[in-house]
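Whole structure, please, built from the sequences with the hints as guidance.
These protein sequences, in sequence, are chains S and U. So for the first sequence, our numbering puts the first residue at 1; every next one is plus one. So for the second sequence, our numbering puts the first residue at 1; every next one is plus one.
Calculated directly from the structure, the hints in this document are not laboratory data. In this text the structure is predicted, and so the values were computed from the model without any measurement. All residues carry an ideal CB built from backbone N, CA and C; glycine is no exception. There's no promise every hint is true.
Okay, the calculated bits of chain U under chain S, using three or more residues with CB under 8 Å as the criterion [stated by the list, open to error]:
| id | segment |
| --- | --- |
| 1 | 22-35 |
| 2 | 108-121 |
| 3 | 154-163 |
| 4 | 200-207 |
| 5 | 211-222 |
Okay, derived cross-link-like pairs now, SDA-like style, lysine to any residue, Cα gap no bigger than 25 Å in a straight line [what the hints assert, rightly or not]:
| id | chain 1 | residue 1 | chain 2 | residue 2 |
| --- | --- | --- | --- | --- |
| 6 | S | Lys187 | U | Leu156 |
| 7 | S | Lys187 | U | Ala225 |
| 8 | S | Lys187 | U | Gly158 |
| 9 | S | Lys187 | U | Ala218 |
| 10 | U | Lys57 | U | Val10 |
| 11 | U | Lys187 | S | Phe220 |
| 12 | U | Lys187 | S | Lys96 |
| 13 | S | Lys187 | U | Phe215 |
| 14 | U | Lys40 | U | Glu66 |
| 15 | S | Lys187 | U | Ala213 |
| 16 | U | Lys187 | S | Thr217 |
| 17 | S | Lys187 | U | Lys40 |
| 18 | S | Lys98 | S | Ala135 |
| 19 | U | Lys187 | S | Asp32 |
| 20 | U | Lys187 | S | Phe215 |
| 21 | U | Lys187 | S | Gly158 |
| 22 | S | Lys187 | U | Lys57 |
| 23 | S | Lys187 | U | Phe220 |
| 24 | U | Lys187 | S | Trp212 |
| 25 | S | Lys187 | U | Gly159 |
| 26 | U | Lys187 | S | Ala213 |
| 27 | U | Lys187 | S | Leu209 |
| 28 | S | Lys187 | U | Thr217 |
| 29 | S | Lys187 | U | Asp194 |
| 30 | S | Lys187 | U | Arg226 |
| 31 | U | Lys187 | S | Arg128 |
| 32 | U | Lys187 | S | Ala218 |
| 33 | U | Lys187 | S | Arg226 |
| 34 | U | Lys187 | S | Ala225 |
| 35 | S | Lys187 | U | Glu66 |
| 36 | U | Lys2 | U | Ala157 |
| 37 | U | Lys187 | U | Asp174 |
| 38 | U | Lys187 | S | Gly216 |
| 39 | S | Lys96 | S | Trp52 |
| 40 | S | Lys187 | U | Val10 |
2 protein chains.
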Amino acid sequence: MKVGIFGTGVVGKTIGAALVRRGHDVMLGTRDAHKKMEEKAADAESVSFHDWLGKNKKVRLVTFAEAAAHGEMLMNATAGHASLVVLATARPADLKGKILIDIANPLGPWADGQMELFVANTDSLAERIQRAHPALRVVKSLNTVAAHIMVNPAGLAGGDHDVFVAGNDPEARDRVTRFLRDEFGWKTVIDLGDLTAARGLEMILMVWLKLWAAFGTADFNYKIAR
Amino acid sequence: MKVGIFGTGVVGKTIGAALVRRGHDVMLGTRDAHKKMEEKAADAESVSFHDWLGKNKKVRLVTFAEAAAHGEMLMNATAGHASLVVLATARPADLKGKILIDIANPLGPWADGQMELFVANTDSLAERIQRAHPALRVVKSLNTVAAHIMVNPAGLAGGDHDVFVAGNDPEARDRVTRFLRDEFGWKTVIDLGDLTAARGLEMILMVWLKLWAAFGTADFNYKIAR
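The following block contains the structure:
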């Protein structure tokens, strides 16, 4: 499948690399592809983007608009505060009817070691994206888990933990559910219904960050015991 | 131990009944004990308060202020919007140095089937209570789980799921952790650190409500897979 991923951070790179390994045709969208391609500074994973791309030659680095045009399925892996700006650079015809898996979190400013969300409680980033692009089929998913677990749930606790989907289009939720199962091996994808459920899925980041601090690792995930 | 519980809803009743069965000396605080005692209307569990009290004679129904005076440990099981008003009726000397396990959630108004919290993101109900009563040792806990699971975690998935504590006093968090293990049988109590973690623990209610709707039951809980 042709997949267009917005964002070249840890999430975009991890998912892009995993999908090309699975034989998919992946374009990674960024603001300035030429500049990004030459980026030599080491990132959080101690690898420059330039070196990463050298090891993942099948991932094509393009503009956001080109990634949007390319993808039959789209994935938003941008920083939350940039998501709406990025999506506004796509041609409307390139978004129409497509599924966007929204992985972004509405991370706001940090102050005194405390994080806050720039949207929460009565609205969500996913709903803002959906309102700005009514012809997109936005499905919130994967944003509750660290990047390495997104693409390899089996690597944690034998895969016995959960991921969620929320979106206004039931058929889109089903397609994303199958995609997560088939491509990454998620055993349990919990359908939380319409996109208002994205509020909770984004707010749970405030728990995730405290767990991360308490455990000293991002190697954990939620499981709903039933 | 002498325990003072604020609130006579499902949470207050469930915890009160469980603690008297364990031999504790429990007072349940309410606004007007005489009126509450005679309440004949069936509640959400199809039992009137009058009948419930008849079956749980060892639980003593008193005013909020009397429950505060009685308890060596205090528990806030009021509706979130009432918590500060209720605690203001206690004599300051009856709160000083005591642990308050804050189980309340800041449930705001419902509109169009959507819930919102009346405090979230940059503050929490637990922090408001702590600021209003600096001499209390507020520990947020148990608010992430249905009442019947609070007192009987073993009844769900063999007890293989988690509860959290957050509070500014490490010794108070440790005491609550032991209390939850010893009295109710919680296997894993995750310490999330200071009371700012209550923000996430309250915001996760937005996920809980969607899970409740999706599953059609409150018989579930979070486990952190590691």
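Outcome of the hint check:
1. 22-35: It is violated, with 0 qualifying residues against the three required.
2. 108-121: holds (count 5)
3. 154-163: holds (count 4)
4. 200-207: holds (count 7)
5. 211-222: holds (count 8)
6. S:Lys187 - U:Leu156: At roughly 21 Å apart (the allowed maximum being 25 Å), Leu156 (chain U) and Lys187 (chain S) satisfy the hint.
7. S:Lys187 - U:Ala225: holds (14 Å)
8. S:Lys187 - U:Gly158: Between Lys187 (chain S) and Gly158 (chain U) the Cα gap is close to 21 Å, so the pair holds against 25 Å.
9. S:Lys187 - U:Ala218: Given pair Lys187 (chain S), Ala218 (chain U) holds - Cα atoms ~22 Å apart, limit 25 Å.
10. U:Lys57 - U:Val10: holds (17 Å)
11. U:Lys187 - S:Phe220: Judged against 25 Å, a Cα distance of about 18 Å means the pair holds.
12. U:Lys187 - S:Lys96: violated (49 Å)
13. S:Lys187 - U:Phe215: At roughly 17 Å apart (the allowed maximum being 25 Å), Phe215 (chain U) and Lys187 (chain S) satisfy the hint.
14. U:Lys40 - U:Glu66: holds (23 Å)
15. S:Lys187 - U:Ala213: holds (21 Å)
16. U:Lys187 - S:Thr217: Holds, at roughly 21 Å.
17. S:Lys187 - U:Lys40: This hinted pair is violated, its Cα atoms lying about 48 Å apart.
18. S:Lys98 - S:Ala135: holds (8 Å)
19. U:Lys187 - S:Asp32: violated (51 Å)
20. U:Lys187 - S:Phe215: holds (17 Å)
21. U:Lys187 - S:Gly158: At roughly 21 Å apart (the allowed maximum being 25 Å), Gly158 (chain S) and Lys187 (chain U) satisfy the hint.
22. S:Lys187 - U:Lys57: Since the Cα atoms of Lys187 (chain S) and Lys57 (chain U) sit roughly 48 Å apart, the hinted pair is violated (cutoff 25 Å).
23. S:Lys187 - U:Phe220: holds (18 Å)
24. U:Lys187 - S:Trp212: holds (20 Å)
25. S:Lys187 - U:Gly159: Given pair Lys187 (chain S), Gly159 (chain U) holds - Cα atoms ~22 Å apart, limit 25 Å.
26. U:Lys187 - S:Ala213: With Cα atoms ~21 Å apart, Lys187 (chain U) and Ala213 (chain S) stay inside 25 Å; holds.
27. U:Lys187 - S:Leu209: Since the Cα atoms of Lys187 (chain U) and Leu209 (chain S) sit roughly 22 Å apart, the hinted pair holds (cutoff 25 Å).
28. S:Lys187 - U:Thr217: Satisfied, since the Cα-Cα distance of roughly 21 Å is no more than 25 Å.
29. S:Lys187 - U:Asp194: violated (34 Å)
30. S:Lys187 - U:Arg226: holds (16 Å)
31. U:Lys187 - S:Arg128: Judged against 25 Å, a Cα distance of about 40 Å means the pair is violated.
32. U:Lys187 - S:Ala218: Within the cut-off at roughly 22 Å; holds.
33. U:Lys187 - S:Arg226: With Cα atoms ~16 Å apart, Lys187 (chain U) and Arg226 (chain S) stay inside 25 Å; holds.
34. U:Lys187 - S:Ala225: holds (14 Å)
35. S:Lys187 - U:Glu66: Judged against 25 Å, a Cα distance of about 51 Å means the pair is violated.
36. U:Lys2 - U:Ala157: violated (31 Å)
37. U:Lys187 - U:Asp174: Given that 25 Å is the threshold and the Cα spacing comes to 14 Å, the pair holds.
38. U:Lys187 - S:Gly216: The hint holds at about 21 Å.
39. S:Lys96 - S:Trp52: violated (32 Å)
40. S:Lys187 - U:Val10: violated (35 Å)
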